[in-house]
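Visitor: Below, each chain spelled out in residue letters.
Protein chains: 2
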Amino acid sequence: MPDSSDAAPIPDDESPSLSASDAAISRRNLPEPAVGRLSLYYRELYRLRDAGTHSINSRELGKLVNVSPAVVRRDLSALGTIGRRGVGYTVELLIEAIGGVLGSGHQWQVILVGVGSLGDALLRYRGFERLGFRLVSALDANPDRIGTSIGGVRVRDASELAQVLSDFSPDLAILAVPAEKAGEVAGELVAGGITGILNFAPTTLRLSSAIAVVNVDLASELQRLAFSVQQRK
Amino acid sequence: MPDSSDAAPIPDDESPSLSASDAAISRRNLPEPAVGRLSLYYRELYRLRDAGTHSINSRELGKLVNVSPAVVRRDLSALGTIGRRGVGYTVELLIEAIGGVLGSGHQWQVILVGVGSLGDALLRYRGFERLGFRLVSALDANPDRIGTSIGGVRVRDASELAQVLSDFSPDLAILAVPAEKAGEVAGELVAGGITGILNFAPTTLRLSSAIAVVNVDLASELQRLAFSVQQRK
Chain E
1 MPDSSDAAPI PDDESPSLSA SDAAISRRNL PEPAVGRLSL YYRELYRLRD
51 AGTHSINSRE LGKLVNVSPA VVRRDLSALG TIGRRGVGYT VELLIEAIGG
101 VLGSGHQWQV ILVGVGSLGD ALLRYRGFER LGFRLVSALD ANPDRIGTSI
151 GGVRVRDASE LAQVLSDFSP DLAILAVPAE KAGEVAGELV AGGITGILNF
201 APTTLRLSSA IAVVNVDLAS ELQRLAFSVQ QRK
Chain Z
1 MPDSSDAAPI PDDESPSLSA SDAAISRRNL PEPAVGRLSL YYRELYRLRD
51 AGTHSINSRE LGKLVNVSPA VVRRDLSALG TIGRRGVGYT VELLIEAIGG
101 VLGSGHQWQV ILVGVGSLGD ALLRYRGFER LGFRLVSALD ANPDRIGTSI
151 GGVRVRDASE LAQVLSDFSP DLAILAVPAE KAGEVAGELV AGGITGILNF
201 APTTLRLSSA IAVVNVDLAS ELQRLAFSVQ QRK
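In the order they appear, the protein sequences are chains E and Z. Using full-length UniProt numbering, count along the first sequence one by one with no gaps and you end on 233. Using full-length UniProt numbering, count along the second sequence one by one with no gaps and you end on 233.
Think of the hints as simulated: they come from the structure by calculation, not from any bench. For every residue, glycine included, the Cβ atom is placed at its ideal position computed from N, Cα and C. Heads up, some of the hints might be wrong.
What the hints assert, rightly or not - Residues on chain E that point at chain Z, a partial pick, calculated with CB under 8 Å:
1) 77
2) 108
3) 109
4) 168
5) 202
As the list claims (entries may be wrong) - Simulated crosslink set (DSS-like; lysine-lysine; CA at most 27 Å straight-line):
6) 181/Z with 181/E
7) 63/E with 233/E
8) 181/Z with 63/E
Stated by the list, open to error - One-sided excerpt, in silico: chain E residues whose CB lies under 10 Å from chain Z:
9) 39
10) 103
11) 120
12) 152
13) 153
14) 216
Only chain E is shown next, with the shape it has when bound in the complex (with noise of 0.2 Å):
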């Protein structure tokens, strides 16, 4: 697997992993799609990882996300000198290294507001906990689903919001909940200490910039892919 031409040269036997601090600085430097590459990269490593694989090359990791080689070392220079000539770059310590970076060393509490057919598919997911999100508590406003337990969640009652945010102190929310619903939920849960929203609502928030706000919005991303394939014509 180790081909010659890969990874930062780097004259110390060692690989060292990253610190926190290192961490903190390189994370200034990454643009949003490098951002997005290391989660790919985080992805597939992991997949290697339970497959039993010890070590990796640019080239084989860019092939797994369909990205050059050349973007992948730059990606993951900024990392810090976790490759090795002729070597190729440790599985184990990749995934420690983007883990740093992506926030995934840390163990965000999540709390998911709007337990319709979307919010209920997010409750059973499985792919969350294993990046160090955990869904501590679902609420939502509908009698039938107050009470239920998904995915190993209670559903509580919308009203009890305040207090869900006092018990857990959740960094991050998920919200998805009707357009018109969206914006006073999102208020109620930046004034109760939520510095992250995963916005499913297909509508913008206007909140203030201290509030990170990542949108995921169905119908626009098939509006995307209709655009790529006319390009393609």
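Assemble the complex: chain E is given as a structure, and chain Z must be docked to it using the hints.
Guide: What follows is chain Z alone, placed relative to chain E:
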């Protein structure tokens, strides 16, 4: 609502809508982020039309999607000359023009493969139809799902995929199967004439560049959010 600083100057009194070939031309020049923003404008314009609003200027539209008026004007000028100095934009014409560029003038036939909890949520999602996306069929391998009807769509046996592709000649497919099945199913979809895939499976599809793929990985979106929260600290 109109303000005089708004829109590209048009000497003519008419606000022409875009012809199909105009749309094809402007499509080539649109960078990816502009496509995403057009999709957001489109969403807000629909809401405005439903609320009875007839015209809007770039400042107002920008405010609705957290974008500066200058960016709005630049994005919309790529659609051709559809604004009027001192009047702003006609909501109806903007919807038509953006819809044309994004491909929502076309009726897209879409199939869904994989009716787990996410697939279930996608079938119940009401945001696709009015953007021109019609879910014509859904398939799953789970006997408990096969034959049930969700969101008005009957779930068929996954083994009938080739038949479904031949019956409906769909343009697009939504892939919501487990990662380990995704590559195989994607291959069958492409063999059956699908030209675009919205991929929810947490894996990178390796397909011909003639096939458009948009990936949505829910765990990666949470990672992006956590990264963004850390950057603000």
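Visitor: Check the structure against each numbered hint from earlier and tell me which ones fail, lowest number first.
Guide: 1, 3, 4, 6, 12 and 13
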